[in-house]
Amino acid sequence: MPPRTSLKRRLTLWLVAIVAGLGTLLLIEAYTSARKAADRAMDGQLEAASLTIAESLQWPEGNPTLEMPASALQILATRWQERVFYWLQADNGTTITQNADLPITGAMRAEARQEPVYLDARYDGQPIRLSGREVDSAGWDTQEPVQLWVGHTRHGRDLLARELFRKSATRFAAMVLITAALVGIAMHTMLAPLRRLRQALRERRAEENSPLMLDVPREMQELVETLNRLFADQRHHRDALLRFIADASHQLKTPLAGLQSTSELALTSKEPGVWHQALVTVHDSAGRTSRLAGQMLSLTRLQHLGPLHERQPLALDRLMREITVDWADRQDSRDHDLGLAIEAPAPVWVEGESWALRELLNNLIDNAFRYTPPGSEITLALRGDEAWVTLAIEDDGPGVDAESLDRLTRPFERGHRQDTHGSGLGLAIADSIAGRHGSRLNVSNRTPRGLRICLTLPRCQPPEESAG
Amino acid sequence: MTRQLHLGLGLLLWLCLGVGGSGTARGAEKLIIEAALDRQIVEPVLTAFATENPQIDLDYRDRSTLEVDHRARDSESPPDVVISSAMPWQLALSNDGMAQPLDAPEADQWSAWAKWRNEVFGFTFEPVVMAYRLELASHMPPPETHRDLLDLLTHYRQWLDGRVVSYSPRESGVGYTLFQQDARYTPRAWDLIAAMGAANVDLEATTQRMLEGLSDGRYWLGYNLLGSYAMVWAQSHPDIIVQVPNDYSLVMMRMAFVHRDAPHPAAARRFVSFLLSQRGQHILAGQTPLFSVRDDVVGPYTAQRLRDQVGDHLYPIPINATLLAFVDALRRQAFLRRWDRELQILEPSEQ
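These protein sequence lines are chains V and E, in that order.
1 is the number of the first residue of the first sequence in full-length UniProt numbering; add one for each residue after it.
1 is the number of the first residue of the second sequence in full-length UniProt numbering; add one for each residue after it.
Among the clues, some could well be false.
[Unchecked claim] One side of the interface only, derived from the structure: several residues of chain V facing chain E at Cβ under 7 Å: (1) E67; (2) M68; (3) L73; (4) Q74; (5) Q81; (6) R83; (7) T97; (8) D124; (9) V325.
Keep in mind the hints are simulated off the structure, nothing from the lab.
Cβ coordinates follow ideal geometry from the N, Cα and C atoms, glycine included.
Could you put together the complete structure from these sequences and hints?
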C-alpha cells in the first residue's frame with residue numbers, strides 16, 4: 001500500500017499556506033504603506049505650492065487679489081509633470097480664481113478651516129490629491145479669510161508607490177526563498193533520526209528482539225521506547241511459548257517413558273498374570289496421557305480462538321447449581337465436602353459462552369479436589385451486587401506459598417506439588433476462559449488456611465423470554 | 001506679388017481653401033487640424049505629409065490663437081490636432097486633460113525641454129525680433145538691444161512718436177505671452193512699456209499687420225515680432241531690417257498636440273509624429289522659416305544655426321507649468337491693468 005501522507009509534503013503545504021496567508025497580509029500592508037510614504041513625500045510639494053500662493057495673496061482695495069506665482073504651479077506640477085489645479089474662494093463664497101472646478105464640499109471646507117488638510121478626490125475621471133488651507137490675511141478694509149485649495153494628479157505618487165512596493169515585494173520574495181531553503185535543510189536534518197530508525201529496523205532479523213540502541217532526539221525517544229516495549233513483549237511471549245513446548249514435551253515424555261519401562265518389564269516375563277498387570281498399568285497411563293493431550297489441545301485452542309460468537313445471557317447461579325449437583329453424584333467427591341453458596345440476588349444473568357463457563361467451573365472444582373486432602377471443605381460461592389458478581393471457589397486445604405501464587409495460572413505449574421495426577425493445565429485453561437470473558441483469575445490464600453480462586457463478571461439484562 | 005501671410009486671424013477664406021486645398025490628396029481617412037500657423041508658411045510640410053499619406057484627407061483650418069483655443073474646447077466637434085503659438089493656452093489645454101499622450105518613438109526622443117507630459121510638443125524655434133525701416137537708421141543709431149530701444153524711445157521721441165508698433169497683449173495670445181515673459185525676466189520691461197506708451201505706440205494683433213504697417217511707412221519701429229514671419233518679409237522688402245536683440249531674445253515655439261477626443265486618432269498621431277520626425281523637421285528647416293528644433297537636422301532654418309548666428313542669448317519660453325500662471329484670469333487682469341497704467345504713466349507727448 002503506498003503511503004497516504006508524507007511528512008515533507010505536509011510540512012511544505014503548511015509552509016506554503018502560512019507564507020501565502022502571511023504574504024498576502026504583508027503585501028497588502030506594503031502596498032498601503034508604500035502609498036502612504038509616497039503621499040507623505042509628495043504632500044510636501046502641495047504644501048510648498050500652497051504656501052507660495054498664500055504668500056502672494058493681497059488685499060489692495062478690499063477685494064482679495066492674486067498674481068498667481070508661476071513657481072507655485074511648477075512646484076505643484078513636480079518633475080512628473082502632473083496636471084495642476086487650484087481653487088481660491090473667499091469665505092463669503094466669492095470665487096477669487098480657479099483653473100478647475102474642483103469637487104470641494106462643505107465638509108472639506110469646514111475641515112480645512114481647522115488646519116491644513118490633504119485628501120484624495122476624483123476630478124475629470126482621474127484620482128487626484130488635494131490640499132486645502134485657510135489663509136488669514138489682513139487688509140485695510142476687510143479681513144475675510146480665504147480658502148485655498150491646490151491639487152495635482154497622482155501619476156508621480158503612483159510611480160513612487162509602485163517603486164516602493166516593488167522593493168518591499170522583492171525583499172519579501174527573497175525572504176520566502178531563503179526561508180524555503182532553510183526549511184528544506186532543517187527538514188532534511190530533522191528527518192535524519194527517522195531515517196536512522198528506519199535503517200536500524202530494516203537491518204534487524206526476524207527473530208531478533210533485543211532493545212534498539214539509537215541516539216535519537218527526545219521527541220522520538222518515546223517511539224523508540226514503545227518499540228522496545230513491543231520487542232520485550234514479543235520476547236516474553238516467545239519465551240513463554242518455548243517454555244510451554246519444553247514443559248509439554250517433558251510432561252508427555254514421563255508417561256511415555258513409564259509405558260516403555262512397564263512394557264519392557266512385562267516382555268521379559270512369560271507369566272500371563274504379569275502381562276495382565278502390565279496392560280492395566282499401560283491402560284491407566286495411556287488414559288492419563290490422552291487426557292493430558294486433550295487438555296493441552298483445549299488450552300491452545302482457547303488461546304487461538306477468535307472472538308466470542310456464542311456469547312449470550314445465561315443464569316450463572318443455575319449453571320453452578322447444576323454442576324455442583326453433577327459433581328456431588330460422582331465417585332471423586334466422596335472424600336470431600338462440596339458446598340454451594342449463592343449470596344447474590346438471583347437469578348444472576350451474565351453474558352457468556354455456556355460451554356466455556358461449564359469447562360471453567362469443572363476445572364476449578366476438579367483442581368480443588370485434586371490438591372486438597374480428603375475431608376476438606378470446598379465451597380463454590382457467588383456473591384455480588386446489582387452490577388457485578390464474583391464467582392469464587394474456596395477450600396480449607398494447605399494453600400500455596402506466597403511466591404507461587406502468581407504463577408499458579410501458568411501451564412504445568414502445580415505449586416511444587418508432585419503428589420497428584422493433575423495435568424497442571426486446569427487453572428491455565430480456567431484463566432484463558434476468564435480472559436475470554438474480560439476477567440482474570442485471582443488466586444489468594446485464605447486465613448487461617450486454604451486457597452481462594454475467584455473472578456468477577458458483569459451482570460447483564462435478563463433475556464426477553466425469561467423477563468416475565 | 002508676394003505671398004499673403006496671415007497670422008492669428010481666423011480667416012474663413014483659408015478655411016475654405018484648407019478644405020479643398022491644393023497638395024492634399026483625397027482619401028478615406030480625414031484629419032482635422034486646427035492651427036494658429038499660417039497655411040502658406042507650413043504648406044511644404046503639409047504637402048510632404050499628404051504625399052506620404054495619400055489616404056488621409058487633410059482638413060487644415062488656419063485660425064487665430066484664441067479661436068484655436070476655443071475650438072479645442074468645443075466638445076461637440078473636437079479637432080484631431082491642435083497647433084498654436086499661444087504657449088500658455090496650449091499648456092492649459094493639456095492641463096485640462098484635452099490632450100492625449102503621444103506614444104511614438106519621435107515623441108519619446110523629443111528633447112525634454114520642448115515637450116510637456118509627452119502630450120504637447122514644441123516643434124518650431126522662432127526668435128522674437130525687432131524690425132525697423134531703413135530710414136530710421138538715418139536719424140538715429142539703429143537699436144540692437146532692449147536698452148537701445150529704451151534709449152531711442154527716450155531721446156528720439158519726437159521722431160518716433162506714433163511710429164512705434166507692437167503686439168497687443170489684449171488681442172493676441174502671443175503678444176500677451178511675450179510681454180509677460182519680458183516682465184518676468186526684468187522689471188525694466190515696464191520702463192520700456194511706459195516709454196512706448198509715451199511714444200503713443202500702436203498695438204496690432206498680428207505680426208503680419210505690423211510688417212504691413214512698416215512697409216507702408218506708417219511705422220518705423222516694431223517690437224516683439226515673430227522672427228519667422230519677419231525674416232521672410234524682409235527678404236522681399238529690402239527697406240525692412242530685422243534685428244534679433246543682442247542682449248536677450250525670446251524664442252517662441254509652436255506647440256502641437258493630439259486632441260483627447262480626436263475623431264481620427266491614428267491619423268492625428270501620424271501627423272504629429274511626422275512634425276517631430278527628422279523628415280518633417282528637415283522640411284521645416286529647409287522650406288519654411290519656422291526653424292527646426294532637432295539637432296540632427298541641417299538646413300538654413302535650424303535652432304542650431306540660429307544659435308551660431310546670434311550667439312547664446314536665445315531664451316526659449318520654457319515649456320512647463322509656470323506658463324499656466326499666465327492664463328490665470330486674475331493674473332491676466334492684473335497684468336493688463338498694470339499695462340494700461342504703465343502706458344499712461346509718462347506724460348504723453350502731444351498728439
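Status of each hint after checking the structure:
The interface hint given for E67/V is met, as the beta carbon of that residue sits about 5 Å from the closest beta carbon of chain E, less than 7 Å. Satisfaction of the interface hint for M68/V is found here, the shortest Cβ-Cβ separation to chain E being roughly 4 Å, below the 7 Å cut-off. Taken as an interface hint, L73/V checks out: its beta carbon lies about 4 Å from the nearest beta carbon of chain E, inside 7 Å. At its closest, the beta carbon of Q74/V sits 5 Å from a beta carbon of chain E; the interface hint therefore holds under the 7 Å criterion.
Because the closest C-beta pair between Q81/V and chain E is about 5 Å apart, less than 7 Å, the hint holds. At its closest, the beta carbon of R83/V sits 5 Å from a beta carbon of chain E; the interface hint therefore holds under the 7 Å criterion. With a least beta-carbon distance of about 4 Å to chain E, the hint placing T97/V at the interface is held under the 7 Å criterion. Evaluation of the D124/V hint against chain E yields a held restraint, the C-beta minimum of about 5 Å falling below 7 Å.
Proximity of V325/V to chain E is violated relative to the hint, the smallest CB-CB distance being about 115 Å (cut-off 7 Å).
This entry does not satisfy hint 9, going by the numbered hints stated previously; all others are met.
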